[in-house]
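With the hints as constraints, model all of the structure from the sequences given.
Residue numbers (the numbering used here), protein chains in the order written: chain A, 1 to 309; chain B, 1 to 298; chain C, 1 to 357.
These aren't lab readings, by the way, just hints derived from the structure by calculation.
Any given hint could be a false lead.
As the list claims (entries may be wrong) - No farther apart than 30 Å at their CA atoms in a straight line, the calculated lysine-lysine pairs in the DSS-like style are these: (1) A/K55 / A/K39; (2) A/K225 / C/K119; (3) C/K81 / C/K46; (4) A/K90 / A/K46; (5) B/K80 / B/K55; (6) B/K80 / B/K155; (7) A/K219 / C/K85; (8) A/K124 / A/K55; (9) A/K55 / A/K90; (10) C/K93 / C/K46; (11) C/K46 / C/K271; (12) A/K219 / A/K124; (13) C/K81 / A/K219; (14) C/K119 / A/K124; (15) B/K55 / B/K257; (16) C/K309 / C/K295; (17) A/K225 / C/K93; (18) A/K42 / A/K55; (19) A/K219 / C/K119; (20) A/K219 / C/K93; (21) A/K225 / A/K124.
To be verified - Partial chain B-side listing against chain A, Cβ under 8 Å, derived: (22) V135; (23) F139; (24) L142; (25) M147; (26) L237; (27) S253; (28) Q260; (29) P263.
As the list claims (entries may be wrong) - Covered stretches of chain A (chain C as the covering partner; in silico rule of three or more C-beta atoms under 8 Å from a C-beta of chain C): (30) 87-98; (31) 211-219.
We put the CB at the ideal spot given by N, CA and C, even for glycine.
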Amino acid sequence: MAITLLFAVSALTFGAMNVLGDPLFNILGPIARDTSNPKSVKLIEKAKNDYNLDKPLPIRYGLWVSGFVRGDMGVQFSTDGQPPVTELLKERIPRTVTLLILGQLIAVLVSIPWALISASRADKFVDRLSTATTFMLVALPGFALAIILKYVFAIRLGWFPLTYRALDPLQTRLFQMLLPGFVIGLPAAAIYQRLLRTDLITTLQEDFILMARSKGVSKSRILFKHALRPSMFSFITVVGLTTGALIGGSIVVETVFRIPGIGSTLVEAVLRHDFPVVLAIVMIVATAFVLINLLIDVVYTIIDPRVHR
Amino acid sequence: MSTEAPTTSEAAAPAPGEAAIKKTLGIGFWICIGWLLVMVFVAVFATRLPIPDPKFNFIKPGQAGPSKGPSAAHWFGTDKDARDVFARTMYGARVSLTVGFIAIAFGMFVGGTLGILAGFFRGWIDRIFSFMFLVLLSFPSLVLAIMLTALLDRKLFTISMILGVLAVAPVGRLARATTMQYADREFVIAARSLGAKNKRIIVRELLPNVAIPMSALALLGMAVAIVAEGGLAFLGLSVERSITWGGMIQLGSDSSKTLQNQPWIAFFPIGVLFLTVFALNFAGDRVRTYFDVKEISL
Amino acid sequence: MSELQTELRQEHQPLLEVTDLRTHFRTERGLVRAVDGVSLTLERGKCLGIVGESGSGKTVLSRSLMGLLPSSNTVTSGSVKFEGKEILGLPSKQMRRLWGREMSMVFQNPMTSLNPLMKIGQQIAEPLNLHLDMSRADARATAERLLRDVRIPEAARRLDQYPHELSGGMRQRAMIAIALACGPTLLFADEPTTALDVTVQAQILQLIGEQRRDRNMSVVLVTHDLGVVAGHTDEIAVMYGGKLVEKAPTSVLFAHMKMPYTMSLMRSIPKLEDPSHTRLATIPGRPPDLVHPPKGCRFAPRCAYARDKCLTEEPPLRQAEDPNHSYACWYPVGSPEFNQREAELNNGAVPVTLEAR
Chain A
1 MAITLLFAVS ALTFGAMNVL GDPLFNILGP IARDTSNPKS VKLIEKAKND
51 YNLDKPLPIR YGLWVSGFVR GDMGVQFSTD GQPPVTELLK ERIPRTVTLL
101 ILGQLIAVLV SIPWALISAS RADKFVDRLS TATTFMLVAL PGFALAIILK
151 YVFAIRLGWF PLTYRALDPL QTRLFQMLLP GFVIGLPAAA IYQRLLRTDL
201 ITTLQEDFIL MARSKGVSKS RILFKHALRP SMFSFITVVG LTTGALIGGS
251 IVVETVFRIP GIGSTLVEAV LRHDFPVVLA IVMIVATAFV LINLLIDVVY
301 TIIDPRVHR
Chain B
1 MSTEAPTTSE AAAPAPGEAA IKKTLGIGFW ICIGWLLVMV FVAVFATRLP
51 IPDPKFNFIK PGQAGPSKGP SAAHWFGTDK DARDVFARTM YGARVSLTVG
101 FIAIAFGMFV GGTLGILAGF FRGWIDRIFS FMFLVLLSFP SLVLAIMLTA
151 LLDRKLFTIS MILGVLAVAP VGRLARATTM QYADREFVIA ARSLGAKNKR
201 IIVRELLPNV AIPMSALALL GMAVAIVAEG GLAFLGLSVE RSITWGGMIQ
251 LGSDSSKTLQ NQPWIAFFPI GVLFLTVFAL NFAGDRVRTY FDVKEISL
Chain C
1 MSELQTELRQ EHQPLLEVTD LRTHFRTERG LVRAVDGVSL TLERGKCLGI
51 VGESGSGKTV LSRSLMGLLP SSNTVTSGSV KFEGKEILGL PSKQMRRLWG
101 REMSMVFQNP MTSLNPLMKI GQQIAEPLNL HLDMSRADAR ATAERLLRDV
151 RIPEAARRLD QYPHELSGGM RQRAMIAIAL ACGPTLLFAD EPTTALDVTV
201 QAQILQLIGE QRRDRNMSVV LVTHDLGVVA GHTDEIAVMY GGKLVEKAPT
251 SVLFAHMKMP YTMSLMRSIP KLEDPSHTRL ATIPGRPPDL VHPPKGCRFA
301 PRCAYARDKC LTEEPPLRQA EDPNHSYACW YPVGSPEFNQ REAELNNGAV
351 PVTLEAR
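Structural data, given as structure tokens:
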């Protein structure tokens with residue numbers, strides 16, 4: 001099923017790129033239209049050859065797929081001298097991945113205690129405040145949050161550096177990613193904690209919680225040791241599923257904080273009409289998305305001992 | 001041990017002053033609707049309102065710099081090209097609200113139809129449509145939007161359509177799920193047994209019931225669309241040659257210096273955008289609680 | 001009773017002393033009077049059975065006694081003394097020292113009352129660790145011994161199993177083991193056998209009885225089934241509509257029951273000796289509305305022997321021939337009015353309850 005999906009996705013993307021767009025024009029610019037000039041014609045021929053543009057669409061797709069699977073994602077459309085797409089992405093993907101991992105980590109670490117506190121004081125002031133905060137965080141667009149946080153914490157308070165610099169040493173770079181990580185992580189944390197809080201409250205109504213109380217277990221211990229684990233199932237699912245949405249969010253964050261990851265690369269490539277790059281990135285992202293969902297299903301079956309019957 | 005004979009003392013007559021489950025929309029809801037109506041009004045009548053020309057550069061000779069903070073003359077200040085930020089923000093509403101509205105309308109119409117058909121007929125129709133939804137959902141939405149804007153042009157209608165296409169899958173899935181829920185209920189079976197044709201059942205019986213959760217979705221969906229448009233605009237990919245909130249925000253935050261020294265350029269549009277999206281979210285959420293719809297997620 | 005016995009009685013303190021306990025819940029519909037004036041005492045090592053239909057307040061009573069009800073929207077009054085000390089209304093922090101240590105509870109449904117994601121051994125070790133400060137090794141050894149005490153085969157293996165891996169009866173035994181872990185002086189058993197097979201029910205009740213004798217522990221056995229309390233209790237309290245309507249030592253109750261309700265309960269127990277397809281005698285009607293309880297006797301609307309007085313005046317608790325036997329009824333079993341109505345019924349009159357008139 002997943003494979004079919006990936007094929008469909010890639011075919012759709014490839015088809016869209018080549019049918020809706022004009023590859024020749026994007027490679028050569030106005031020269032592509034200039035069929036009167038023999039020099040231009042020569043360049044057109046060469047381009048057609050280099051990029052297989054004269055072959056029928058399905059064959060081109062097949063060629064691309066075989067290349068993709070082998071790790072060869074073609075050459076950039078832009079000026080010569082640029083590294084092939086694979087190289088380019090190899091350099092940039094780790095940054096986005098780091099950002100995403102950081103973001104998710106922050107989100108999880110923030111949301112669990114947040115949810116525990118909200119659930120234990122359900123409907124009291126703290127909880128209502130947190131519900132309002134959640135609402136606002138979710139309503140705020142990613143780029144707006146990015147700018148607000150950048151303004152407050154980097155510009156006004158100076159706690160964090162303003163941008164990412166690829167040439168700085170690893171530790172500095174990681175620190176530079178902290179604020180962007182928060183921009184990605186906080187809205188996600190809001191969503192996670194809302195879900196976990198609801199599940200915790202439901203779990204707390206269960207019989208075995210009363211039983212634990214009757215044993216003399218303290219409230220905090222009940223929350224941690226008895227209520228948390230049974231409530232985590234939806235939580236884990238949502239964390240996994242949100243990863244895909246976070247990828248979208250990272251595009252904006254990378255732009256605001258000038259992190260050269262695949263998100264900002266995508267935007268640049270789009271503005272340049274550089275199809276191979278766009279295609280490659282879209283495919284990678286979609287593949288990652290599908291695989292993550294698959295992984296969630298597997299993890300789910302493992303952690304629930306009840307499913308093991 | 002006991003049979004079902006009713007006891008008089010058991011009559012569930014509500015005592016005076018008892019509180020039924022609160023099912024009102026609440027004052028917050030109406031405040032949000034008010035704000036939204038104001039925004040719509042501004043967007044529609046922007047050209048006729050007594051606000052400064054958004055494209056005009058208010059440079060007076062001999063001034064220190066083009067950009068000024070908020071003042072009596074310019075409520076939101078001026079930006080780097082000395083244009084009035086307030087006016088531009090008001091004009092920005094036009095693009096955002098139009099795109100948001102068309103996108104969600106398209107999404108609901110197409111998505112809703114596909115979803116209902118899939119849920120009602122099941123079988124291979126369901127499989128095809130569900131697969132289509134799944135493919136659409138395999139892309140993070142912003143990525144898909146970006147890709148499509150690259151391929152197509154950047155006219156207002158196109159951008160709206162692109163976002164509309166993005167809305168089709170989530171709306172379609174909800175419509176399908178709701179339809180399947182209702183299609184099994186007795187009144188549908190009853191209609192069928194009376195000889196009603198499929199089309200009649202869909203239109204008369206299912207549609208009104210599916211429409212309720214979907215309309216709760218409309219406000220929320222519009223919020224998402226506006227945010228998406230804002231994101232595209234911020235990246236420079238929204239409607240060309242238009243004043244957009246995202247575009248304004250980008251101009252105001254492009255360089256750290258601008259953000260530091262002239263924060264109003266970015267923050268006023270951020271504020272208005274946030275309030276509008278918040279209002280839509282809040283109102284949509286209230287509607288959802290009111291109609292008690294479960295499992296809406298976009 | 002001799003003077004000496006009376007003296008001894010005065011010096012000796014009951015384990016549990018309840019005086020006019022009322023537990024009311026604030027709800028949207030109004031104040032629910034779940035427990036409305038219950039008084040009883042329980043001696044060390046004795047077993048008290050609390051019997052009533054669902055809605056009679058028996059579960060609320062047991063939870064009120066233990067103090068397990070959530071504090072919001074709950075209004076309690078009266079007095080509950082445990083070992084002479086007042087525990088009603090104590091904050092959770094203080095009650096926690098008692099819970100699991102001096103008093104514990106066995107719940108009705110062992111499937112949902114055990115944490116599904118925690119191993120059995122861990123769940124038993126938890127109170128041991130908390131109250132007795134046992135090391136992991138000691139706790140584990142004790143847990144294993146407890147499982148053997150409750151007659152679970154292959155105790156060592158069970159320690160590492162999850163609740164769903166055990167049968168219903170074993171789960172209930174495990175719950176009993178948990179409740180007994182720290183050696184409490186008072187055990188509440190809230191419908192401990194309702195969710196189990198009939199064959200297993202007897203075993204569980206027997207087990208509880210054994211443990212009670214071995215540990216000189218008091219037991220409060222809450223159930224809707226008179227048959228359950230018949231062989232295993234020293235004293236029985238019958239509840240209806242939040243009130244205590246009859247209380248007596250077990251043998252006395254069965255021999256000389258006074259309240260028509262108790263009698264109906266007795267009659268509704270299916271007996272093995274009855275021919276097959278014998279109609280089950282049921283009590284018509286439904287439990288009373290606890291927000292607006294009826295004015296007189298709460299059972300009157302459903303009582304086949306009720307008369308007008310029963311509807312208007314609430315009968316007080318009176319002593320019967322045996323000083324330990326109290327009941328609340330205007331026309332109890334054996335009274336002339338009762339006998340008259342009984343004769344009418346035996347002559348084929350259809351029982352018509354007051355509400356239907």
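Checked hints:
no.	hint	in the structure
1	A/K55 / A/K39	22 Å, holds
2	A/K225 / C/K119	12 Å, holds
3	C/K81 / C/K46	16 Å, holds
4	A/K90 / A/K46	28 Å, holds
5	B/K80 / B/K55	12 Å, holds
6	B/K80 / B/K155	26 Å, holds
7	A/K219 / C/K85	24 Å, holds
8	A/K124 / A/K55	67 Å, violated
9	A/K55 / A/K90	29 Å, holds
10	C/K93 / C/K46	28 Å, holds
11	C/K46 / C/K271	27 Å, holds
12	A/K219 / A/K124	16 Å, holds
13	C/K81 / A/K219	25 Å, holds
14	C/K119 / A/K124	34 Å, violated
15	B/K55 / B/K257	23 Å, holds
16	C/K309 / C/K295	11 Å, holds
17	A/K225 / C/K93	18 Å, holds
18	A/K42 / A/K55	18 Å, holds
19	A/K219 / C/K119	20 Å, holds
20	A/K219 / C/K93	9 Å, holds
21	A/K225 / A/K124	23 Å, holds
22	V135	5 Å, holds
23	F139	6 Å, holds
24	L142	4 Å, holds
25	M147	6 Å, holds
26	L237	7 Å, holds
27	S253	5 Å, holds
28	Q260	5 Å, holds
29	P263	6 Å, holds
30	87-98	violated (count 0)
31	211-219	holds (count 9)
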